[in-house]
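Participant: Using the supplied hints, reconstruct the complex from the two chains, each of which is provided in its own coordinate frame.
Protein chains in written order, with my numbering: chain A, 1 to 670; chain B, 1 to 321.
Derived from the structure by calculation, the hints contain no laboratory data. Each hint should be verified, as a subset may be incorrect.
[Said to hold, decoys possible] In silico DMTMM-like cross-links for lysine to aspartate or glutamate, where the CA-CA straight-line distance does not exceed 25 angstroms:
1. Lys225(B) / Asp158(A)
2. Lys161(B) / Glu181(A)
3. Lys207(B) / Asp97(A)
4. Lys619(A) / Asp32(A)
5. Lys256(B) / Asp158(A)
6. Lys614(A) / Glu54(B)
7. Lys109(B) / Asp196(B)
8. Lys614(A) / Glu166(B)
[Said to hold, decoys possible] Pulled a few chain B residues facing chain A out of the computed Cβ check, cut under 10 angstroms:
9. Pro59
10. Trp133
11. Arg176
12. Ile242
13. Thr250
14. Phe261
15. Gln265
16. Arg273
17. Thr302
18. Gly306
For clarity, every value in this text was computed on a predicted model and none was experimentally measured. Note that CB positions come from ideal geometry on N, CA and C, so glycine has one too.
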Amino acid sequence: MKANTRSALSLTALCAALAATCGPARSEQDVDIVELTRPGSSASFGLGYATNDGPRFGQYSGLEERGAYGLLDLDLVRREEASGTWLKLTGRNLGLDSRELRFEHNRQGDWGYFIELNQIPRLDPYTVSTQLAGIGTGTQTISGLAAAAPVRLDTRRDRVTLGFDKLLSRGLDLQVRFRNENKEGARLFGQGTSPGAPNVRFLTDPIDYTTRLLEVTLGYTGERLQLSGGYYGTDFQNDIPALNVVGGIAGQSPIALPPGNQSHQIHLAGGYNFTQSTRGTFKVAYTHQRQNEPFVTASATGRTDLGGKVSTTLLQLGLTARPLPKLSLLANLRYEDRDDKTPIAQYIASGAAGSTFDGRNEPRSIESTTGKLEASYALPMGFRLTGGLDYELKKRNTYLIRSVSHRDETEEVSARAELRRSVSETVTGALSYVRSERGGSPFLTNIVIGGATGSNLVHPLHLADRDRDKVRLTVNWQPSLPLSIQFFADYAQDKYGGRALGLREGTAQTYSLDLSYAFTDKWQGTAWISRNDTRAEQQTQSGTTIWAADLRNIGDAVGVGLRGKPYSWLEIEADLTHSRDKSEYGLARVSGAAAVAPLPDAFFDVTGLKLSAKYAVRKNTSLRLSYVYERWSTDDWTWTTWTYTDGTRVLQDPVQKVHFIGIALQHRWQ
Amino acid sequence: MEHANHPLGSVIRGIAMALGLALLAQGATAQEAKPARKDMVLKGDAVCTRCHAEEEEYPVLSIGKTRHGTTADTRTPSCTSCHGASETHVTRPAGAKERPKPERVFGRKSATPPETQNQACLACHQGGKRIHWAGSAHATRDTTCVSCHQVHTAQDRVRAKATQAEVCLACHKEQRAQMNRPSRHPIPEGKVVCSDCHNPHGSVAPKQLARDSVNDTCYTCHMEKRGPFVRTHQPVQEDCSICHNPHGTTTPNLLKARAPFLCQQCHEPTSHRGTIPGNVTGTGTALNRAVVLARGCLNCHTNIHGTNNPIDAAGERTFRR
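For reference, chain B alone in the conformation it holds in the complex (with noise of 0.2 angstroms):
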């Protein structure tokens, strides 16, 4: 307070009102001749970000760390290309009470329909692996582009290995219960992800799987099942999943059931093969025991996918040799 009085306080204090004007005049004639406001990332995104900033729910500006804010690319879209021009969105029209919303909003509680919403997207990704989105489980499902992907971000979750299968299981519930299963592939470590099975964007094979058919799918990495071997076993030639469920079970080999039981649900009950399983504390005979025990019926007939060697009846047709 002593210096409120002080000589020198009342010329700092005049100096100060002195550059304030001038920057106020400054400012102001700067507002007459309103310079064009600049873009940030976009072409013409400057109408957009003089508002929509990275305080936002959703960030803008950081679609220029992703592929669609690589502005060399002559095919980058603009804020427009995907929300559309949103006139009333931009001026708000005069006596409305809020401002009306962009023409394409994307997200569940979006008034804009689903299909309108992946119409922005597909106007330039209808082809490759999309070809056949339409028709296909999530797009009759009316699920969106953005139910997965988040694009104005620089990570995409469902597009790392490591997070993929959280976006996922967010609706499929069944196969998240069913991954915490002792026999399962490596997906909680992301080692394996569902899109290296599944093509979320549709394709011709049943559950939207990434190949032609199930089996396809699961030769990509289990090559070896494939044969055709000199003793082919039916249904593996014929498809993975009538034995084994891919996203998880308490039997090892991802097996829907244990052997003997799993076998049984197709065999002829004739020689052994209607054995009935010995209790584990002893009781029963040692094939009682053999065929559930350890590996079940897999004990001896250890080639069960097939077998290519062409001799020996006892061996070959049995899948042990």
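With the rest of the complex left out, here is chain A (with noise of 0.2 angstroms):
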């Protein structure tokens, strides 16, 4: 309890004894108990401006261009206190492209169900200057307009959610949840070729896409018993499957765009509680997915479709038990087996001696077990040390003939151990330690068609051998009542084996400092900072040429903000915010003759200011200013010197201004 109103007359208590007292009198107190006790609703709408066109402003939010925006929130919530049956209407940002709306109905501890509309907006934040014709169509003419004219791509997702729950008898329950998203519009594509002096015209991905997800899971909640169980099924139909060029490059057109597919998956996960502290846990889930959409060309084997199969089996089975008061120990063993059955073909003639292709297909079948043992010892003032061991086996298939080299299995064994204060009036936080070897099976060497050996000078990054050293502080530090200081620092390091070329080293750095000062009852205080440091050093080779790259990026970010109630009716927020995002890329010749000349480094910065007032005019209704400023700017360097073949140029504003404001008027009501 505050020790400032530990005296005071609570207004509990001052209704509690006008109601024993003073019999129908009491009808005021009545109301505010009302008021504090049943679900309110509440209603916002006003006027928004924004002074600037801002792409990266408005990337999500639908306030990408300049104008008048209309500001429109409801709550809509209703209680039958005798039943207990909801009615809730909820919608946020409904005059923006990023609306929101939610309808509910539900008799609580017995049935519901909902309806929710959901709109995602994804503004491009370049603008296109082309002659492209067709843009967000399957057939797109490559200078097919007698001018470039100036193109923002952008994708809106329009999703339906419904929902149904019913509680079948006490601790039986059903749940269903079906998904319908729409996905529309355009983003950057293009077609090139002849590396040796590359063609690479300018093309867009037209999207039109429906996801569907049908979840229908059948729970059991006991005392020691919990089981779910049901079926989830998912599919992907893409109504433009092919983008068809015209003027294009010869013999690169139609590209095939994503084929549908779906997967039916059935599923049973359980807890059980053999004593008070110790429980096991498990899943079983089948999954069959197929992807047997017809060719966009025909092919020379005579099918039609690739006849895809995977077949997924996972298997979990955990438990964690405490043998000892002091004592948690914890264990969790889980299988997942990916089978890709899809008949493989010789779709296409294989290549020329010395290719690393065979014209066939290469379904890819991964198989990982994964373990995991723990135990946690509780030590005196609220301190727990705990040491684990993690362990993951992964098994790939793969082909004779490859491009990128290959090993059958990994392994990875990762031991740590941890000393965590979790519970304290003043200081907790943790200190931690993740020590990581990954190996595995001889890597195989590289044959070319011909049965020549090919090239073997790379391991890939998720097949490398690698040794991982992770150290991690957490401290929360409360010194006085109003002041609480949080302390992050992580830093990774990961070192890869093998051969010369390829990642050769990394490291990732985070550290951060928060700060959170109550200056009164009525203003509080937050100040932030952080810095995230991560590296890459990789080597590869050009010709006979070594070269080296130290990829590095360093995101700086600081913040302040402020909460105040200076008085019952008025209420005030404020946040700056400041971040910096800066890309190295080191670049250096190692051994040989050709030039590396290095790359610029290339920043992002954002700072944003937030001003928010909200003024009580009356008991239930209140009025909010508010104020965005944000600035955005860059010098990256990606686009800016790039022109396509056909003439496209792909250009953002590098230094990019908003000012939004906003008057909206809230008005709450039980």
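Facilitator: Written out as structure tokens, the structure reads:
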């Protein structure tokens, strides 16, 4: 209980006393009690104005263009107390392209249903200047327009989710979820050829997808046993299966676009409490996935579709126990077998001698087994010491003729220790260390058509031998009642073994400091600063020249915030943030004669200021004024010096500033 | 002051005193009768709400606005279902300097062990998506239910799309930094939320992912990448996170590194795969520039997740058709 309110006569006590002594004269207090204990509704409507186009600012919010926007939010809630029946209508951003609306009706503890509509826009931040005709369609004509026209590509997901719940009997419930999503629009695409003299044409990826998810789950929750099982089915359809390119590169049309595919899964998961401190869990699931979309061009095999079939079997077993009051144990085993049963056919004639391609399709099967053992012991003063071992074995199939190096198995063992203090009035935190070593079966020798040995110089990043060390420290310190401090530091280092080319070493560091201070009961402030620094050192070879890249990304961010309620009728919020992400490439020649010129760094800066004031016009009515400023800038050179062979340019404004002002009236009622 | 001696004033004072005495008498009578205090929200809460009110640091009455305050549901708990009977807290033993705490107090500063705190919730909420809570990363790190959830408020911040990320990022600082990067999911806008991909209550997938694997989780929104295809790209079939960091990157499409560097981490340097990126100011050959400018390797290899076109060795096998 807060010191300043300890001696205060609580509203509750007052209301209760009045209710007990004043009989019928308590109606106003009853109203207060109702306000405090019954769900209420609110609606907010207003107008906003953005001063500039802001492709980055409005990338996902729908506030991308200069102009006025409607601000409308709804939260209508009604509960019938006698039956526990809820009726809810929730709307967010209803005046924007990112609108969401949900209607829900349920009798708690009995039945319920809902329907949810959700729009997710995505504006590509680049402006394309192109003569391409047919953008976003299945037939696109390069240089089809007389003159280049500016285009902004975008996509939008329109999602409808339906849900039904029924409590069949005590502990037994049925849940049905269905989601239908249409995604339409276009994004950057292209076609190119001739490594020696690149001929790269601009195209757009036309998108007209429908994705459906259906989940029917029967659940049982008992004191000891819990079960959850059912069916999960998915379906993907692409209404534009191919892109026909007119005026493009010879022999590269049509381009196949993502094929429709489906999956059906049955699953059962459960948990059983053997004792109060010993629990076992499991999950078994079987998924059958298929892809038999008709080919967009005829196949010489006579097949009209791939006949893709993938069966995935999942098995998980877990056990947690506390054999001694201070000792906790954990064991977990997970096995997943992704068996790609797609028939293999000679779709294309085998490449010539020396080729890394034999013309057949290559189904990919992966079998993975992971295990975990962990012991945790409670120490005095709220400390806990934890030690654990993690194990992962992955088996992958391959084919004799390959363009990338391969090993059949990778095996990784991790040992970790952690000292944690989770419960304390002043200081909590954890210090942990993890050491992982990944190895596996010997790398296979790459063979090319004709039987000669191919190139065997790179161990792929997910297959290579790797030693990883990771240290993490978190501290939450509350030196005094109004002040709390949170410090986080994380350092990880990867060292890759094996061959000289490919990834050699990587590091990742994150540091952050967060402060929170309550100046008074009415004013609270926050401040934080963080740095994230990742590096990857790698080498490869061009001709006889070996060259290296030291890739580095440094992200610095800082923020301050203020929350205040100086008067009962006024609430103030202010947030100022700034972040800078810088990418470095560190190109250098290791040996050989070819020139290795440096690549310039690239930065992305974002500065944001958010101010809002909420003024209570009346008890249940308030006016919110908000102001948002965002400045986004970059010197990214990705597109600035690039021109497609067909003359298309893709550019973005390197400095984008947007001021957004909003005013909204909110009303609350019971 | 003039009124004080006015005869009418004396009459008024007299009437007021009489009324006051009458009220006092009524109050005294009522006290003697000790009528039962009424519950305000939950069954049996009168013993709690006589002291705990809305002015508390952690308001209690507003639980009435939540599903936990829907008394028509026979499963709805009482205060003591979660906090324990707490008799010494209610009666305060004679001689005790401070009122003893309830049997179960929730929060980081509580002396109640995290497991005991969570058991209060799991007593009812152990089924469904929480079956794998025991042994999960959150459970074994002493995360309590109230570390994330606000039980006594109508709007639980972690269950609202607009505010969920704030709750998660309070601990997950690395992800907070990554979400500032130029390529990201619309998490700050609340259009994608952490729980779309993760089940914070535990799952059988790595990283507490919502579906059974990394890829199955990604496919819920990106099913066009699933295939299988005539020509598959092996890492695509295995794990999307080999190439992508879903929390944010500086390279478009959430790629961990820019092409050609990312591609060169796996591919043998034959043909043009080891090409040295050309300087953006124009040095180097057209190929040197094409592998790093615009979409880099993906300028040509556009169908990088796989292609389902069964013809043309030059196009299909290299993800161009």
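Participant: State for each hint whether it applies.
Facilitator: Each hint, compared with the structure:
For a cut-off of 25 angstroms, the pair hint linking Lys225(B) to Asp158(A) stands: about 19 angstroms separates their Cα positions. With a CA separation close to 18 angstroms, the supplied pair Lys161(B) and Glu181(A) stays within the 25 angstroms bound. Restraint check for Lys207(B) and Asp97(A): not satisfied, since their Cα atoms lie roughly 32 angstroms apart, outside the 25 angstroms limit. Between the alpha carbons of Lys619(A) and Asp32(A) the distance comes to roughly 12 angstroms, so the proposed pair stays at or under 25 angstroms and holds.
For a cut-off of 25 angstroms, the pair hint linking Lys256(B) to Asp158(A) is broken: about 28 angstroms separates their Cα positions. Using a Cα cut-off of 25 angstroms, the hinted pair Lys614(A) and Glu54(B) holds, with the two alpha carbons roughly 21 angstroms apart. This hinted pair does not check out: Lys109(B) and Asp196(B) have alpha carbons roughly 30 angstroms apart, beyond 25 angstroms. Restraint check for Lys614(A) and Glu166(B): satisfied, since their Cα atoms lie roughly 21 angstroms apart, inside the 25 angstroms limit.
Hint status for Pro59(B) relative to chain A: holds, with the closest Cβ pair at about 8 angstroms, below 10 angstroms. Because the smallest distance between the Cβ of Trp133(B) and any Cβ of chain A comes to about 8 angstroms, under 10 angstroms, the interface hint for this residue holds. Interface hint at Arg176(B): satisfied, since its Cβ lies 7 angstroms from the closest Cβ of chain A, which is below the 10 angstroms cut-off. Nearest Cβ of chain A to the Cβ of Ile242(B): about 5 angstroms, under the 10 angstroms cut. The hint holds.
With its C-beta approaching chain A no nearer than about 5 angstroms, Thr250(B) sits inside the 10 angstroms limit, and its interface hint holds. Against a cut-off of 10 angstroms between C-beta atoms, the interface hint on Phe261(B) holds, since the closest Cβ of chain A lies about 5 angstroms away. Residue-level restraint check for Gln265(B) holds (minimum Cβ-Cβ distance to chain A is 4 angstroms; threshold 10 angstroms). At a threshold of 10 angstroms, the smallest CB-CB gap from Arg273(B) to chain A is about 8 angstroms, leaving the interface hint in force.
Interface hint status for Thr302(B): upheld, as the beta-carbon distance to the closest one in chain A is roughly 5 angstroms, under 10 angstroms. Given hint, Gly306(B) at the interface with chain A, holds; its Cβ is 8 angstroms from that chain's nearest Cβ, closer than 10 angstroms.
Figure legend: structure checked against the earlier numbered hints; hints not met, in rising order: 3, 5, 7.
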